[in-house]
Amino acid sequence: MLAYKKILLFTAPALMLTLSCTKLEEDLGSTLTAAETTAALGSNGTGLLLNAAYSDLAGPFTSQDLVFSLQENSTDESLVPTRGGDWDDNGVWRVVHNHTWNADHGQVLNVFNGLNKINFDATNVMNFKPSKAQEAEARFLRALSLYTLLDLYGQYPFRNPGDNLLNAPVVRSGAEGVNFIISELNAILPDIPAGNANTRANADAVRTLLMKCYLNIGAFINRAAPTFDAADMAQVVTLGNAIINSAKYSYTPNYFDNFAPNNGTASKEGIFVYPNTAGVSANHAGVEARWNMTLHYNSYTPANPNAGWNGFSTIADFYSSFGAGVAPLTFTPDDTLVDKRLGGRVYPGATDKSGIKPGLLVGQQYNEAGVALKDRKGNPLAYDKTIASNMIEQGANLEVTGIRVVKYVPDYSDNGKYYGGPAGNWLMIFRYPDVVLMVAEAKIRSGSDVPGGIALVNGLRAARGAAPMATIPLVNPNNVDDPNTFLAERGRELYWEGVRRTDLIRFGVFLKPWGLKPTDDPKNLLFPIPNQALAANPNLKQNPGY
Amino acid sequence: MTAVLRLLCSALMGLLLFVSLSVQAQDKVITGKVIDSKDGSPIVGASVVPKGSTKGASTGADGSFRLNVPATVSALVITSVGFDRQEVAITGATVDVSLVQANASLNEVIVVGYGTSRKKDLTGAVASVKAKDFNSGGAITGPDMLLQNKVPGLEITNTSGQPGVATTVQIRGTSSIRSNNSPLYVVDGVPLDGSTARPNLGIGFGGSTPNSNPLLYIDPNSIASVDVLKDASSAAIYGARGANGVIVITTKKGQAGPMRVDVGAGWGVNTGYMKRFEVLDAGQYRDALKKYKQPATLDGGQDEDALEALTQTGLSQNYSVAFSGGNEQGKFRAGFLMAKTDGFLKKTALDRYLATINGQYKFLDNRLTLDFNIVGGTYGEQLTSVSNNAGSAGNIISSAVSWNPTIALQKADGTYNFPSNGSGNPLAFNEAYNDRSSVTTLLANGSLSYQLTKGLTYKFLYGVNHGVGTRKASIDGWLEGQSGISGVGVAGLADAKLFSQTITNTLNYRTQLSEKLSLDAVIGYEYFKRDYSGGGTFGSGFNTNLSQSARTEILYTAMMQNALTHTVFTYINPTSEIQSYFGRAILNWNDKFALNASLRADGSSKFGSNNRYGYFPAVGARWTISNEDFMKDSKTFNNLALRASWGITGNQEFPPGSSQEQFAFTSFNQAQQVVNGNPDLKWESAQQINFGIDFGLFGGRVFGSLDYYNKNTTDILFQTNAIQPAPSSLSFVNLADAHLINSGFELGVGAVIVQNKDVTWEVTLNGAYNKNNVTDLLDPNTGLPLLIKTGEISGQGVSGTLGQAITNDQPVNIFNLKEFKGFDKTTGNQIIGADPVIGGDPNPSWITGFSTTLRLKKFSFTLNAGGAYGFLIYNNTATSVTNIAGIAQGRNIDVAAYESEEGVGSGVAASQRFLEKGNYMKLRNFTVSYNVGSMGKFVKNFTAYVTGSNLFVLTNFTGFDPEVNIDKSNNSYPSRSIEYVPYPTPRVVTFGLNFSL
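Keeping their order, the protein sequence lines are chains A and B.
So the first sequence is numbered by this note's numbering: it starts at 1 and just counts up by one.
So the second sequence is numbered by this note's numbering: it starts at 1 and just counts up by one.
Derived by calculation from the structure, the hints in this document are not laboratory data.
One or more hints might be untrue.
Subject to a maximum C-alpha distance of 30 Å in a straight line, what follows is the list of computed BS3-like cross-link-like pairs (lysine-lysine) [to be verified]: (1) B:K119 / B:K516; (2) B:K497 / B:K340; (3) B:K28 / B:K757; (4) B:K293 / A:K385; (5) A:K377 / B:K290; (6) B:K454 / B:K120; (7) B:K635 / B:K592; (8) B:K411 / A:K374; (9) B:K28 / B:K55; (10) A:K374 / B:K293; (11) B:K33 / B:K347; (12) B:K252 / B:K340; (13) A:K377 / B:K291; (14) B:K291 / A:K374; (15) B:K132 / B:K516; (16) B:K635 / B:K119; (17) B:K771 / B:K857; (18) B:K119 / B:K132; (19) B:K33 / B:K937; (20) A:K385 / B:K825; (21) B:K821 / B:K120; (22) B:K290 / A:K374; (23) A:K23 / B:K497; (24) A:K357 / A:K377; (25) B:K55 / B:K331; (26) B:K411 / B:K347; (27) B:K293 / A:K377; (28) B:K340 / B:K51; (29) A:K523 / A:K541; (30) B:K497 / A:K377; (31) B:K411 / A:K377; (32) B:K253 / B:K529; (33) B:K529 / A:K23; (34) B:K253 / B:K120; (35) B:K635 / B:K55; (36) B:K632 / B:K51; (37) B:K331 / B:K120; (38) B:K120 / B:K632.
Using the sequences provided together with the hints, build the complete structure.
See below:
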């Protein structure tokens with residue numbers, strides 16, 4: 001009996017010990033470890049990682065509150081007034097337009113993180129034995145991310161493939177920052193697959209990004225007083241000519257075809273684009289935000305009164321850069337007096353569905369049957385150029401103030417896509433006219449070929465139904481929106497495409513007053529490094545003045 | 001020596017036996033009745049034994065007994081589980097006894113981790129609530145609600161009036177800066193992981209619906225007691241999961257004795273709003289149109305109360321039956337509940353079909369004990385569109401409060417009015433929105449324990465928690481005014497599966513080391529594994545149910561193939577494992593001094609490879625002064641004890657996989673890294689000290705405890721902005737330097753004011769004060785305070801606004817809002833400061849509870865109330881839904897806005913204007929019951945009752961319910977005390993009856 005007890009006494013703890021000593025393991029379920037990723041996916045897996053880096057472009061470049069907001073709402077082209085019970089959002093929109101943002105601004109943080117996600121995923125491709133072509137594509141995407149970071153923040157963090165993610169990466173800024181991007185782009189140019197469509201990294205996209213680097217390097221080094229080295233300008237011209245002379249691109253006869261739901265095939269101007277497929281939500285960037293964010297609630301069918309968000313507008317100053325209001329506007333399809341880019345003309349597939357005539361929307365709006373629309377209070381839905389000076393609309397007309405901008409034509413191809421998506425419009429990231437205008441600008445800036453530059457501009461203007469200009473001064477420092485300047489031409493062609501802030505800085509007028517931004521501070525030439533990013537990486541240095 | 005003692009002992013016993021035998025000839029017959037002193041109800045199965053004898057009788061179903069006792073015996077000893085032992089002198093042929101519940105008794109056994117403890121050995125802060133002290137009433141659906149306001153320092157906040165919704169449960173304040181601050185639940189010895197298998201499914205309005213209560217599968221009627229382990233010396237035995245305190249739930253067990261059947265039935269109705277958020281009625285609205293010079297066309301000429309139209313009386317029903325019985329060798333109990341709870345809002349309900357089955361069987365001369373406990377069942381929820389973070393599209397409540405009260409919701413032909421003012425139609429929302437979930441959960445464990453030698457017991461336990469859930473939701477396309485829904489329709493299906501296993505081996509040793517020194521020790525090993533997976537599909541673009549006039553009964557979820565587009569998602573979470581070694585020893589010297597020491601080593605697969613094991617020690621001591629000689633004769637104190645404890649507990653509530661590099665297939669033809677591994681990741685550590693006094697006065701008529709604690713959380717688990725470039729914007733780290741300190745005191749007092757045969761009156765009161773502060777939350781580079789924004793403010797016009805912050809030297813979730821400087825004298829526009837400022841504490845400093853029971857003969861009156869004080873609530877509904885701007889659009893506005901000096905052009909803005917004092921006192925339930933007693937031959941203890949729940953609330957808060965904690969977290973940083981278009985709280989009246997067979 002006693003022996004039996006003793007056996008139990010000693011076996012019980014032994015039993016406990018045998019049941020113990022599990023090697024703690026965390027088996028991943030839906031996800032893979034790095035080693036498994038290599039093994040499971042093989043060389044094909046690298047392609048999947050590269051695809052992810054491409055799709056990372058969708059968020060930061062499409063959403064109305066990310067890169068678009070920082071690059072456009074901070075300029076004379078766009079702003080979001082608070083309208084009664086709408087669009088206060090703790091003032092985030094107003095501070096972007098009147099340049100009173102700070103390092104805690106949510107958009108400033110989200111853009112930093114979003115662009116660095118591209119940076120990370122592109123770098124990560126290089127950890128997985130990419131082919132030469134895959135590596136070149138990944139390095140292009142990374143260069144695009146770094147360029148945009150440098151443009152906005154004046155610096156960017158950089159990791160080599162395989163770096164420990166818990167260590168703070170090095171940070172590059174200024175000349176070193178631009179030169180690294182230039183060296184990357186030059187290095188990959190020979191390896192970019194010749195057959196790549198404009199939805200993938202392609203040689204012309206690499207050249208376009210290189211042109212942007214060369215054109216802006218002087219501004220990136222000294223934003224307060226940009227300089228333009230002749231050699232850099234020559235590079236812009238050479239690279240641009242390679243694109244122009246390839247004859248792969250041409251001006252699309254109807255300007256708004258470039259932004260239509262079928263622009264993937266209808267436009268001949270896309271150099272680098274983000275493709276969206278109507279009706280398919282996979283890899284869809286939500287491009288419908290581009291018109292929802294600006295259109296009034298009643299721009300749609302009565303069943304969907306909240307489809308339009310009634311927010312984003314442009315200001316009268318920018319509208320005046322079209323010279324609009326001077327010539328009598330008839331807006332007939334044959335009207336050659338008025339720049340077609342101003343819009344206001346019947347667009348098949350849109351006007352017959354909703355009454356919307358793409359472009360800058362001013363004055364009374366009509367539905368598809370030609371009936372004058374009203375706002376929700378029963379006032380005429382007539383967009384008013386004047387916006388309250390503090391950007392807080394409180395009057396009876398609070399729903400209709402501000403000129404609206406419909407650049408991407410709403411997708412009416414089936415019920416619902418125009419407001420809920422997924423719409424078919426491809427997002428234009430690099431467009432041919434930008435290349436032409438950069439070549440022209442370089443020729444004019446360097447003085448190497450001023451008439452050639454003017455001819456390029458007039459070629460574009462002719463395609464847009466605008467009269468030629470004999471002389472084109474770069475900028476009027478006393479009137480940012482002087483219609484007779486080169487800067488104005490860039491605005492007319494590229495408005496709401498995310499280049500305005502860069503342009504205004506390069507042309508030296510970003511700090512000038514314009515509508516609803518009476519004063520400024522030189523620190524605003526750069527956005528602040530977000531406080532949270534600063535806390536995570538001590539190598540980042542807060543920009544001066546913040 | 002021991003052999004001699006044993007011999008002596010048995011000799012004495014024999015002698016006694018002989019004596020009792022020898023006098024059996026002169027018996028007398030004693031009859032009597034044993035009742036509960038609290039309510040006079042008969043106590044069934046109480047043991048009545050002549051003093052000095054071992055043989056006695058048990059009371060019958062009506063509490064009566066009949067007993068032959070030797071004439072020499074002068075007293076009876078009456079004992080019953082849960083009551084104090086009582087000795088009564090035999091003065092005549094009838095002896096009636098009223099037993100006092102063991103609540104205040106020191107011999108009471110409390111379930112602590114991996115065993116039980118006598119109350120007199122307790123060194124920490126542990127509160128035990130027995131079934132008869134639970135809250136009652138029709139509003140109770142989850143076990144946690146039984147405890148509301150019953151335990152000082154335990155804060156249980158209803159987050160919504162929806163039946164079955166999750167409550168926020170916190171012990172001693174917010175001790176994490178992550179979303180999960182819940183205590184660990186242990187049910188019949190099995191630790192749970194706090195999750196449910198109810199899938200989350202966001203369709204339509206972009207908002208997420210509140211979570212359901214993870215304990216819904218536990219039948220509240222089958223719970224015997226709940227023990228709350230508050231301090232570290234009690235909770236440290238649960239190591240890395242004990243930092244938020246532990247709630248130990250013990251289900252009712254069978255008792256040795258005759259077969260017993262308990263039956264209960266109840267019927268309840270919703271009788272209206274406990275409190276309404278006041279918006280304008282039709283008359284006020286017309287006045288407002290004039291006041292604000294709005295066009296008369298906005299007056300629809302009718303009189304509609306949209307908030308009223310949304311609600312239903314319903315008829316909630318619950319039926320329960322429990323069978324129990326057995327003998328000393330084998331006992332069982334099986335309890336069943338069928339309940340249907342109709343929600344206050346139309347098309348909402350909670351159905352429960354639950355069972356609680358357990359048994360205990362003894363073999364091999366009672367040395368081997370087999371135990372099993374099965375808790376489980378299925379519950380279904382019908383939900384409506386009440387979401388935590390609805391944006392401009394709103395939800396059913398935002399739609400109702402902003403509905404123009406001069407327009408009828410429905411036309412005469414039954415179709416709905418859809419104004420183009422953005423309010424939406426709440427009744428149409430309700431009809432078009434279909435959302436049902438069903439969860440089946442089984443929590444089962446079986447254990448074998450074997451007594452190896454006297455006092456030494458080995459126990460093996462295996463437990464599983466298996467839950468499967470499905471959810472089907474759709475919104476009909478005929479609903480107008482909703483982007484992405486109107487004209488197309490949306491639907492989603494989702495499922496989830498939870499499976500966790502626990503294996504526990506323990507060795508318990510109880511012995512008397514010397515005459516005065518006893519030891520109670522346990523060592524053990526435990527293994528826990530958890531798996532969670534799920535998936536679902538969404539569809540949109542249906543071609544049926546697209547117009548009001550052509551509605552069909554068929555839900556989209558019944559014909560997903562009809563959708564134009566589909567998306568699919570599936571996931572399997574990383575497996576998590578915990579392996580633990582633990583031990584505890586309790587030494588008691590002469591019932592004067594007790595010492596408790598424990599240590600647990602927890603290894604968790606969640607921790608990074610550099611930090612696999614954490615160690616959690618605790619010690620506690622108790623000095624029972626009233627057992628000292630100098631206090632023995634005290635007339636005042638029958639109990640007085642001092643306690644002190646110290647310990648470290650951990651928290652490992654972060655997503656599994658956070659320490660590993662993970663790559664995921666994010667969509668078709670894409671893979672990317674989604675987590676940057678952190679091999680240094682480890683548990684959060686909370687060090688807590690506790691000092692307490694337990695007291696009992698005037699023979700136990702007044703009793704209570706006072707505790708002081710200080711809880712210091714370090715190595716705070718925290719989602720921080722990742723070091724970019726990084727695979728995700730946030731990643732988990734341990735904040736090395738920061739501290740989160742909760743300190744405060746808790747007082748619980750009870751008194752039996754009147755106690756006699758016909759009347760008893762008892763009162764209990766509790767109060768807890770807590771102060772929460774974050775320190776050393778600094779940027780490691782600049783040394784400046786970090787400011788983490790959270791507290792999402794939702795709605796049209798305030799997108800992306802965050803109203804709270806976690807920052808240095810402030811309470812967690814301090815409000816961070818722009819200053820409100822009044823209204824512009826000429827325009828009436830709000831004047832709002834430029835930048836948000838820190839100020840305004842959303843954490844209550846005081847929480848209190850009050851309950852009282854008055855018994856007058858067969859009537860009993862029980863009242864439970866509770867409140868919270870010293871905090872602010874942000875009224876997000878007033879900010880963005882019923883603001884003044886609405887009147888110009890033809891929407892309704894709230895009375896506060898109407899009565900203010902605000903002009904109609906004033907815009908929307910989040911500011912300190914909408915901070916309101918949250919102080920409240922709520923009458924949780926009031927019950928009147930009548931104990932009929934026996935009816936006929938078989939029915940015993942028949943009781944009928946009426947309970948009113950949430951009868952009223954005293955508060956100055958203008959919203960629906962000051963008891964509010966809608967989940968407004970941002971990036972999983974928690975939020976606190978923000979109200980936003982919640983599911984309103986109804987008054988519920990329940991009629992019911994209970995009896996036994």
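Does the structure keep K632 of chain B and K51 of chain B at a Cα separation of 30 Å or less?
holds, 24 Å
Taking 30 Å as the top limit, are the C-alpha atoms of K821 of chain B and K120 of chain B close enough?
violated, 58 Å
Verify the proposed pairing of K411 of chain B with K347 of chain B, using a straight-line Cα cut of 30 Å.
Holds: K411 of chain B and K347 of chain B sit about 20 Å apart, inside 30 Å.
Under the criterion that the straight-line Cα-Cα distance not exceed 30 Å, is the pair K33 of chain B, K937 of chain B satisfied?
Holds, because 18 Å separates the two Cα atoms, which is no more than 30 Å.
Run the distance test for K23 of chain A versus K497 of chain B: straight-line Cα separation, threshold 30 Å.
The hint holds at about 25 Å.
Need the status of pair K635 of chain B, K592 of chain B: alpha-carbon distance at most 30 Å?
Holds, at about 19 Å.
Restraint status (C-alpha distance of K132 of chain B to K516 of chain B at most 30 Å)
violated, 35 Å
Hinted pair K497 of chain B and K377 of chain A, Cα distance within 30 Å:
violated, 50 Å
Given the hint that K377 of chain A pairs with K290 of chain B, does the C-alpha gap stay at or below 30 Å?
Holds, at roughly 15 Å.
Has the given pair, K119 of chain B with K132 of chain B, been kept, meaning a C-alpha gap of at most 30 Å?
Roughly 19 Å between the alpha carbons, so the hint for K119 of chain B and K132 of chain B holds.
Take a quick look at whether K28 of chain B and K757 of chain B sit within 30 Å of each other, Cα to Cα.
It holds: about 26 Å lies between the C-alpha atoms, which stays within 30 Å.
With the threshold set at 30 Å, check whether the alpha-carbon distance from K33 of chain B to K347 of chain B stays at or below it.
violated, 50 Å
Checked against the numbered hints given earlier, this structure breaks hints 11, 15, 17, 21, 28, 30 and 35; the rest are met.
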